[in-house]
Amino acid sequence: MSALTIGIIDYGVGNLASVHRCLELLGYRCRVSREPAILDHTDLFVLPGVGAFTAAMEALNSFNLVQYLQQQAHNGKPIVGICLGMQLLAEASNEFSYTTGLGLIPGKVSALAPERCHIGWNTIEVHHRDMLLKPSDGMSFYFNHSYVLEPPVEYQSALARLGAPFTVAVRHDNIVGLQFHPEKSQGEGQKLLRNVIEGLCCA
Amino acid sequence: MSLRGFAVLKKRLLGVVTVRNGWAVQSFGYRQYLPLGRPEVLVENLDRWGADEILLQCIDRSHHEAGPDLGLLERISRRGLATPLIYAGGVRNADDAISVIKLGADRVCVDALLHESPIRLQGLARKLGAQAIIASLPLSITGGGEIVWLDYRSGQQQVLTPEVVEFLDSSFASEVLVIDWVHEGRPVAFDSRLVARFPASSIPLIAFGGLSEASQLRQLLQEPRVSAVAVGNALNYREHNISKLKTALIEQPLRPHLIQCSR
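Going down the list, the protein sequences come from chains Y and W. Going letter by letter, the first sequence gives residues -1 to 201 in this note's numbering. Going letter by letter, the second sequence gives residues 13 to 275 in this note's numbering.
Here are the simulated DMTMM-like cross-link-like pairs (lysine to aspartate or glutamate), alpha carbons at most 20 Å apart as the crow flies: (1) 189/Y <-> 22/Y; (2) 22/W <-> 123/Y; (3) 114/W <-> 56/Y; (4) 22/W <-> 186/Y.
Every beta carbon over 10 Å from chain Y, so not counted as near; a handful from chain W, in silico: (5) 105; (6) 124; (7) 161; (8) 249.
For the record, the hints were derived by calculation from the structure and aren't laboratory data. Where is the CB? At the ideal position from N, CA and C, for every residue including glycine.
Could you put together the complete structure from these sequences and hints?
Right under this line is the structure:
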């Protein structure tokens, strides 16, 4: 079987270099691009992201990527959103101002109250029904965020706790969102990312 | 105890690499330096040895108004770090910070910007999110017990004003890097009063400067306000020190030591 080709969505925001190196280390071919003609010839999209929701959606809009990503998702293209990339999958966010998202996962993004940030290594608890993430149940991953997507329960794949539990992974058919950074979570992160990519592409 | 019993946010052990004139150095109070070698090699070592986060501080960039060391970040990026990276040095505005993040850093430290323009820091937070911003404060304690803040460019020190404290509490940065610059580079010398007396009440603190031994780290990690401890020279010299420190601190809420085996 030939290596999968991953399309890393380059919308001018985010830590593309780390995601790119991690995927290459895992043996995948990568295309870092914002051009549909290039992204069309990939097996799966990774939507990375660091920063604020509004600025990221403005960037996606400015590169005419919103409709393209929505269309590809509806056509069954596997998409993995990482950190802010997961939040962009939501219907909308209240970060700084109300901004609509890609609308690929029901639910809205809101501040992680009462804690103002969730930074560092935390354990995830995986829902029993999610076989992609199940091998990572109880493992620690690196988080760096202050907003969180809370979808209806049927879309929740994993949670973490800061006192109260909150959602840190979501799934809707061919769409997966990871609030943590697998590419910066050392060996456990790499294992999880491989499981998710292989699981989505071979489903 | 099941794994679920550990389902809490861990405190972190940071490895620090200090860079001056493009070379990694062992620093002594930011006054004297010994060369250590190529910074990308030291960063890669900390990545392999299992640091929870790596702080790369390029200490002469703001002094020379040189901006961030993007070339160094590019070289580090090519090595494919699997550990979160904090970058400090020369970040002047949101564009600088975005360039740093694009090249593989997860968070940025700001120091000179805090002195110059808190307004620009707010702009930075709107672009990157507060979680990506750390306020770096070189501090010391006067004979009268007051905490004073050093502007390392001018050498001037000032008391932390209520305005600065209010700003730190106002959600534009996620953590404060409390640097004991006087004792930096000296073993077991961190002045824990800097943490105990730090005036801002709600922002988590990262302690750095003169930290090396497990007993000292344990004392700091037991402080509720301390989210992380940062160790420089002591980690860079000895390959198994991260493992040894984590083993010695096993009762603390740190992530257990894991050997990196993916490369």
